[in-house]
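Student: What follows is each chain in one-letter form.
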Amino acid sequence: MIDKTYSPLSSKLHEWVTTADHKKLGVMYIVCGILYLFVAGCEALMIRWQLAVPENDVLSAETYNAFFTMHGTTMIFLVGMPIILGAANYFIPLMIGARDMAFPRLNAFGFWLFFFGGLLLYFSFLGGQGLSGEEGAPDVGWFAYAPLTSTTFSPGSSTDYWIISLFVAGMGSIMTAINLVTTILTMRCKGMTLMKMPIFAWMMLVDAILILIALPTLAAIQIMLLLDRQFGAHFFDAQAGADPLIWQHLFWFFGHPEVYILILPGFAFVSEVTPVFSRKVLFGYPLMVVATVSIGFIALGVWAHHMFATGLSPTILAYFSGATFLIGVPTGMKVFNWIATLWGGQIRFATPMLFAVGFIAMFTIGGLTGIMLAVVPMDWQLSDTYFVVGHFHFVLFGGLLFAIFSGFFYWFPKVTGKMLNETLGKWQFWFLFAGFLLTFGPMHFSGFEGMPRRIYTYMPNRGLEFYNMLSSIGAVVQVFGFGLFVVNVLHSLRKGKPAGDDPWDAWTLEWSTTSPPPPWNFATLPSIASRRPLWDSKHPDDPDWKYE
Amino acid sequence: MTSQPNSISVPKMLPHGHVGMMSVITTEIFFFASLIVVYLAYLGKSISGPTPEELLSIGLVSINTVALLASSVTIILALKALRSCNQKKFLAWLFVTVALGTWFLVGTAIEWTGLIGDAHFTLQTNLFGSTFYTLVGFHAFHVTFGVCALSFIWFCGFMGWVQKKHHQNIEYVSWYWHFVDTVWIAVFLVVYVIGR
Amino acid sequence: MLVFGVIGIIFVVTQGALVWSLIRYRARGDETTEPPQIYGSNPIELAWTVIPILIVFILFLVTTRTIYSLDMQEPPEGALRVKVTGHQWWWEFEYLDLDFVTAGELHVPKGVPVFLDLRSADVIHSFWVPRLSGKTDCIPNRENHLWFQADEIGTWYGQCAEFCGTQHAKMLIRVISEEESEFEAWVANQKLDAPQVPTPLNGKEMFLSLACVNCHNVNGIMMQGGFAPNLTHLMSRDTIASGAAENTPENLKQWLRDPNSIKDGCRMPNMMLTEDQIDSLVEFLTTLK
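Protein chains in written order, with this note's numbering: chain E, 14 to 561; chain D, 19 to 214; chain S, 24 to 312.
Just chain E, same shape as in the assembly (with noise of 0.2 Å):
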């Protein structure tokens, strides 16, 4: 038991910008990606206030432009990367019996590499230059189109922080990701075989690697843009030859691979709180593993599928649209893997519970649109629109935001050791889940009637302001959801009710530590037997290694 002395704010302060351990900087990620969401979420608002009416003028064009740009990017790069690379932190070296991660001070720089960069992004506001001169903020969109970005077309400094701050950044992802890979691969307990390991620490080492092939990508191409703007390359400059499709290809083959970096720890944490929460294993385990490295590898060739509309030849239009058929195969596994293992089971609705079934059906509907995006021609007319908005946020708020909720109720009591009030809970769900329906439900309308993405305003009589409408109200809904959890965080943090070591009777090894766990996460490292640990040690007349 660790003696609490009183320990002044500046030492404690100290504690924790100087830490290497991967608790607290699991915390510092996650609670900085909390922040981010939140201004993200501003940036939301405003765009959908803009859009509620045609031409209205709260925005102005360029301050839209920054603001959806900085929406796209922040949610991303500042939001999605750190709070899965925080749970990852937090969670791997716990659940694979190992005291922490392999590098804790990379690790630690890895964090302050993030932590600075997105600083540097923002301070993009009050330094920056953008397009016309006014914003500060970067107003290219998240992929920063060629020669859109080019010093001719995007004469102020705005560029430039979007290249620095995530080129920063993502130096940071990657050595998270070294970290990842090697404390997964060389630091599991006895008996954990890849095949013992949680599922959760399968997708995390398939994510680790796919940050590995796609993050230097893009830090060439950055490194490329910046060459341009700033030295007088000419890689993407037209006057010279350049062709502006080698920024897309390359982009997007780091694009690509990024949205299932974001989506693959949204299946790790719905695949640890399903089973528990059904009270069953997790069905088909080994084909899930199989499932998850097809969805690296196979992620890995679809990129082109945000290109169908650039005048690529029919071959290569079919290649990929193939190809992005094919990653809907392990996909759909995953979902009928969870599904199967509701079933049969003693499901409590508890919160984590709630938000992983909401995940189950948003996904699904996700990756249907996703589907009907990858017939070509289908694509012609849905590309750019609001069709692609409505199918990107169903798969990553519907999808990964809801899992995200989904660990953060489940694991919170580990992490603080106190319990979130499940009625609060459960209305931020609600209000969540209406909200999530309404904005962007009828997006993939206002798409069908040729509503493009990134416009400032559009025009009336032509179909668009129901549907508009309707997603700016949705938006209002979804305030008193996100509203709730920021009460229901901050009451818990004070006066939740003690959570114990393993609150809701769950099977793997970060259970049998105390909540929060020590500094050294077990007295002795464990030894296991199966993928179930505490299963096994709960039911000794029926373990899980018979079946396995």
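Note that these hints are calculated values from the structure, not bench results. Just so you know, not all the hints are guaranteed correct.
[Stated by the list, open to error] Pair ranges (Cβ atoms, derived):
#	chain 1	residue 1	chain 2	residue 2	range
1	D	Ser66	E	Met208	42 to 50 Å
2	S	Cys238	E	Leu48	32 to 40 Å
3	D	His138	E	Glu478	37 to 45 Å
4	S	Thr262	E	Trp62	24 to 32 Å
5	S	Ser232	E	Thr164	31 to 39 Å
6	E	Arg112	D	Gly178	38 to 46 Å
7	S	Pro223	E	Glu478	39 to 47 Å
8	E	Met208	S	Arg154	52 to 60 Å
9	S	Pro66	D	Thr162	56 to 64 Å
10	S	Gly39	D	Ile65	36 to 44 Å
11	S	Asp216	D	Ser66	33 to 41 Å
12	D	Lys63	S	Cys238	45 to 53 Å
Treat the numbers as computed from the prediction; the structure is a model and nothing was measured. All C-beta atoms in this analysis are idealised placements derived from N, C-alpha and C, irrespective of residue type, glycine included.
Based on these hints, arrange chains D and S on the given structure of chain E.
Tutor: Chains D and S in isolation, oriented as in the chain E frame:
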């Protein structure tokens, strides 16, 4: 755990550094692959300005290449000496490795001085200029980093600070060095052989 | 339709299974033991791997067939050929065989295939008129193609579909499909030089002297521009500024007073004209029928 199966399999774990360095090398592979892809995509596409055929001469660069590849051999010899605790031999071969790496860098500097000074060929000249200096430059940057690391190790060895527990890490640095050499083979083939 | 059907069936099956299991297997709160632990089932897992592969394969075949059948890299017999150039933030249309240039609005004859060469003068744009065809990007240094055929008379709305900067939202397209005879009449007018109408307020002289001609061409009066929309037959268009406003004298005046008030951030500079200059210029512009 109260009940155990008859045998718990103990997975054989690789050392952290193995996986760590292989991960680093993986990221570098994709970084250089991106630069090489762009180089190849833009080959022959410059609208104006000099072409690889006109500017690049394979003679000097071949010598540099031999030097760099030889340094991969010498570093293996250095590690062999290290493992058999032959401090003098280790330092000698490591010194040669650093020297060969430096030769490569100096050779590159000479080539670039000619290109920039005499031919006025820079990053800004045309597509070829942009892709050439970026690809070769980043490789040279990685060589420089390797030379610095190896020099630091040499210095530590010279001061007698290197102990048995450092041997594995030194080997990881040698892996990085081998990787840098392998990238050069690819760059050399793409830029000086295929591209001309 | 096939796609909607397949997606619909998958949706119903998966969501149905999900909802059913949530209802049927809800914990009643009085359970004392854990439910049977099912680790997997080879036949079931095989089935839900193979069946999706088959479904996906069918979709792939249908998609590939459609891609190839829609592909057209050469203009068909009798097609109307137009070279479309995307600019920040307006559309230039050059009718290739008919030898004239216009902007913002594309007239086409009903029932005739229209074959577009798509180019860009600056950044990536995307030409999209939803009810006529899918979109295809306009990429600098690259010529893409798009074809459509309007089988009905009408005005079809579209807009740029690739973010191209500040006024991407107002880079609108109008395609007007009309009877052959009306189309011919429109073409005949477009091929003429600007009508020589006397302008008491000296609008034409003002247009020539105030640097307008450095960007805007008016056939028969001055052709040294080209950077901005061709204004020869400005009054034959429904809108100005590529759809940003109705083509009325009041809007023309407002545009000249301050382009940014209609299309904030657009490339036309505010020429700091006096009201008198504006009046006389608009008088001239309204003669360009």
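Student: Hint by hint, note whether the structure agrees.
Tutor: Cross-check of the supplied hints:
A hinted range of 42 to 50 Å for the beta carbons of Ser66 (chain D) and Met208 (chain E) is inconsistent with their spacing of about 59 Å. For Cys238 (chain S) paired with Leu48 (chain E), a C-beta distance near 48 Å fails the hint of 32 to 40 Å. In this structure the supplied range 37 to 45 Å is violated for His138 (chain D) paired with Glu478 (chain E), their Cβ-Cβ distance being about 60 Å. The hinted range of 24 to 32 Å is satisfied by Thr262 (chain S) and Trp62 (chain E), whose Cβ atoms lie roughly 27 Å apart.
Separation of Ser232 (chain S) from Thr164 (chain E) is about 34 Å and conforms to the stated range, judged on CB atoms against 31 to 39 Å. At about 33 Å, the beta-carbon gap between Arg112 (chain E) and Gly178 (chain D) misses the expected band of 38 to 46 Å. About 44 Å separates the C-beta atoms of Pro223 (chain S) and Glu478 (chain E), a value consistent with the hinted range of 39 to 47 Å. At about 54 Å, the CB distance of Met208 (chain E) to Arg154 (chain S) agrees with the hint of 52 to 60 Å.
Checked against the hint of 56 to 64 Å, the C-beta distance between Pro66 (chain S) and Thr162 (chain D) comes to roughly 59 Å, which is consistent with it. Here the CB-CB span from Gly39 (chain S) to Ile65 (chain D) is close to 59 Å, at odds with the stated 36 to 44 Å. Checked against the hint of 33 to 41 Å, the C-beta distance between Asp216 (chain S) and Ser66 (chain D) comes to roughly 38 Å, which is consistent with it. Between Lys63 (chain D) and Cys238 (chain S) the CB atoms are about 31 Å apart, so this pair departs from the stated range of 45 to 53 Å.
Comparing the model with each numbered hint stated earlier shows that hints 1, 2, 3, 6, 10 and 12 do not hold.
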